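First to last, the protein sequences are chains A and B.
Here full-length UniProt numbering is used: position 265 in the first sequence is 265, and no number is missing along the way.
Here full-length UniProt numbering is used: position 144 in the second sequence is 144, and no number is missing along the way.
Hints in this document: simulated from the structure, not taken from any laboratory.
It should be emphasised that the depicted structure is a prediction, and the values quoted were computed from it without experimental measurement.
For each label pair, taking beta carbons as the anchor points, the in silico distance ranges come out as: (1) Tyr168/B - Ala172/A: 53 to 59 Å; (2) Ser168/A - Ala130/B: 48 to 54 Å; (3) Asn233/B - Ser29/A: 36 to 42 Å; (4) Leu210/B - Leu77/A: 38 to 44 Å.
No residue lacks a Cβ here, since even glycine has one placed at the ideal position from N, Cα and C.
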Amino acid sequence: MSSDHAAKTISIREMNKYYGNFHALKGLSLEVEAGEFLVLLGPSGCGKSTALRMIAGLESISSGELLIGDQDVTEVLPKYRDIAMVFQSYALYPHKTVAENIGFPLKMAKVPQAEMDEAVRAAAAQVELDGLLDRLPGQLSGGQRQRVALARAIIRRPAVFLMDEPLSNLDAKLRGNMRAELKHMQNELGITTIYVTHDQIEAMTLAHRVAIMKDGELQQLGTPKEVYSNPANLFVAGFMGSPPMNFVEGEISSGQFRAAGMSLPVTGFADNAAVTIGFRPEDCQVVEAGTGQVDASVYTFEMTGDQSLVTFEYEDRHLVVKMPKDFEIASESRAAIAFDPAEANFFDTASGRRLLPAA
Amino acid sequence: MSTRRPGLFEPRAIGQMAPATKILLYTILIVWAAFVLFPIYWLLITSVKTPAAVNQGPFFLPFIDFEPSLHAWKELFVIDYEDTLRAYMNSIIISLSATALSVLVGSMAAYALSRVDYAPNLITILYFVALLAGVGVAVGIYDVDWMLATAVAVALFFLLARAVGRIYEVRLGNGDILFWIISQRILAPIVVVVPIYMMFQSVRLLDTHLAIILTYAVVNLPIVVWLMYDFFNSIPRDLEESAQIDGATMIGTFREIILPLSRAGLAATTLLVMILSWNEYLLALFLSTTKAQTMPILVAAMNAGERGVLWWTMSVTIVVMIIPVVVLAVILQKYITKGLLVGAVKG
Numbered sequence: 001m002s003s004d005h006a007a008k009t010i011s012i013r014e015m016n017k018y019y020g021n022f023h024a025l026k027g028l029s030l031e032v033e034a035g036e037f038l039v040l041l042g043p044s045g046c047g048k049s050t051a052l053r054m055i056a057g058l059e060s061i062s063s064g065e066l067l068i069g070d071q072d073v074t075e076v077l078p079k080y081r082d083i084a085m086v087f088q089s090y091a092l093y094p095h096k097t098v099a100e101n102i103g104f105p106l107k108m109a110k111v112p113q114a115e116m117d118e119a120v121r122a123a124a125a126q127v128e129l130d131g132l133l134d135r136l137p138g139q140l141s142g143g144q145r146q147r148v149a150l151a152r153a154i155i156r157r158p159a160v161f162l163m164d165e166p167l168s169n170l171d172a173k174l175r176g177n178m179r180a181e182l183k184h185m186q187n188e189l190g191i192t193t194i195y196v197t198h199d200q201i202e203a204m205t206l207a208h209r210v211a212i213m214k215d216g217e218l219q220q221l222g223t224p225k226e227v228y229s230n231p232a233n234l235f236v237a238g239f240m241g242s243p244p245m246n247f248v249e250g251e252i253s254s255g256q257f258r259a260a261g262m263s264l265p266v267t268g269f270a271d272n273a274a275v276t277i278g279f280r281p282e283d284c285q286v287v288e289a290g291t292g293q294v295d296a297s298v299y300t301f302e303m304t305g306d307q308s309l310v311t312f313e314y315e316d317r318h319l320v321v322k323m324p325k326d327f328e329i330a331s332e333s334r335a336a337i338a339f340d341p342a343e344a345n346f347f348d349t350a351s352g353r354r355l356l357p358a359a
Numbered sequence: 001m002s003t004r005r006p007g008l009f010e011p012r013a014i015g016q017m018a019p020a021t022k023i024l025l026y027t028i029l030i031v032w033a034a035f036v037l038f039p040i041y042w043l044l045i046t047s048v049k050t051p052a053a054v055n056q057g058p059f060f061l062p063f064i065d066f067e068p069s070l071h072a073w074k075e076l077f078v079i080d081y082e083d084t085l086r087a088y089m090n091s092i093i094i095s096l097s098a099t100a101l102s103v104l105v106g107s108m109a110a111y112a113l114s115r116v117d118y119a120p121n122l123i124t125i126l127y128f129v130a131l132l133a134g135v136g137v138a139v140g141i142y143d144v145d146w147m148l149a150t151a152v153a154v155a156l157f158f159l160l161a162r163a164v165g166r167i168y169e170v171r172l173g174n175g176d177i178l179f180w181i182i183s184q185r186i187l188a189p190i191v192v193v194v195p196i197y198m199m200f201q202s203v204r205l206l207d208t209h210l211a212i213i214l215t216y217a218v219v220n221l222p223i224v225v226w227l228m229y230d231f232f233n234s235i236p237r238d239l240e241e242s243a244q245i246d247g248a249t250m251i252g253t254f255r256e257i258i259l260p261l262s263r264a265g266l267a268a269t270t271l272l273v274m275i276l277s278w279n280e281y282l283l284a285l286f287l288s289t290t291k292a293q294t295m296p297i298l299v300a301a302m303n304a305g306e307r308g309v310l311w312w313t314m315s316v317t318i319v320v321m322i323i324p325v326v327v328l329a330v331i332l333q334k335y336i337t338k339g340l341l342v343g344a345v346k347g
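Chain A with its partners taken away, still in its complex shape:
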């Protein structure tokens, strides 16, 4: 058991991982605050799981430093890092009962049996597993296995929780419930948590801060609100949000953004021959043809229950507009998309970086 139950900070400094010639993690630097819920978000193969496994000590750190609290743990064995990890596969010990699974970290720490039983009961109660303590993992449902994995992680009151896509094997409904429970639990225990996922909804709902990664590189670090409304580059803008942000390539010259059939005034931007405008589906309206920013024909119209999605065909791409649920429009009809240019984001097409207006 850790001597103090206070949450600890995690400092990742210029952390690199090489597999032979493959540079899997490129100079990741992150400061995670004590008690913070940080989500590492990115598509598969972006290095987020590698980063988590390096923090756990399951992968060696090729170069860089890792501090948990004020202790340098770069070369420290996993068991001395005072961490607990929830695996995507749950990694329950199939030959041990639920109680033995949950109590395993304490058994390894040679905690007396009576104290261990008490802790197992408390942890099981916290994740609502009472009554299942004598079962084997094979006799549990997916959600119950998930809870066993969580209970095993919380029983030791570690300084840090590491979670590798813990909800991805659950069905959609259960995932929603577990997400809420997880957030509640983390908040209650106040344990520093690093959570890896490719699901941006999980990232948005769970995180205090989100670190978005791609190809082993950190793209942006910020609160969910920041990364959503002020994406640092095209990748982040396209990754966050469902449906994702609409992009149109064009140019900026003398205070005007121009693209095929589209021209809108912009202020504070320098002339640039290759600019991409991005606007979110929920920031636009469908209006009469000729009265919006861009005219296009309706490609398809979808009702999702709580809203309507109108997909336009514009040039060789699709633009999506989110409308209220009672909105209706016929396919193939002509209409226009209207949005406030001040709400739009502009990106340098070549570098992908977001362009900020001069103050």
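Got chain A; can you put chain B on it based on the hints?
Below, chain B without anything else, positioned relative to chain A:
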């Protein structure tokens, strides 16, 4: 799922079959069972026959066809008991030791192969083999002192191994190592029996337990590695990593996680290797003369004496040979259970 129509080649439960099918099925099964069990029945009755009862014709029903007698049992366990018991003890000692050794070493090798990625350089290995051959040539043909030759070769290897390895980088993988180990078993033992004989002759270990134990252990090693490699591969790595994070030492992880989960594989492998060692004849024939003779040698000797084929004593010997294998199978059977890994990962 009772409403689901079974597939064409999917077996139906006995209860769902048409009567004619059922009769046919049982007939086939009974005939097959008789076919399999008859030799054992034959052994049992022949072991209680007198030489006269054997020679006078095929009798199959004790107390009706012939009068059972413990003649052969008495001959083996009262008159010649020293030879019989020695061979029996030899067989037990040799099989148990060889099995223990090969399962221990082989499963450790299999575990390492399943968990660690090795990348030995082919050129370095060839360099090592070339040096080994060089020592052989130097000692065998040019009469160089063997210690000197070995020392020079060892020095050359450590001095130049890295440099030689850098000439041309060809990395082997775990699959290559595994194939190399298994390939040792592809070679028929008869091919190497003479070199093995000469080797043990030169170290004066012929007709000892040690020689046979070592040979059996080595011969069975590839089987153990092959079976256990597959078995360890089926245990998710997540479990070990989780145990590590949960604070288990390497030994703790092995004792708490790996060992309980690989019990079924170890039991099956042990049984197989044990039976192979127990029945082995060819190598034992070469490596033992009297003191270390095993049961199969004893059986074969009864086929070649000046008294003709001694069916009665041979049957007794085989009956007592079968017993330990059956006992072991019964003991190990409870560990050979399916579905041990259910619930480890996902759902």
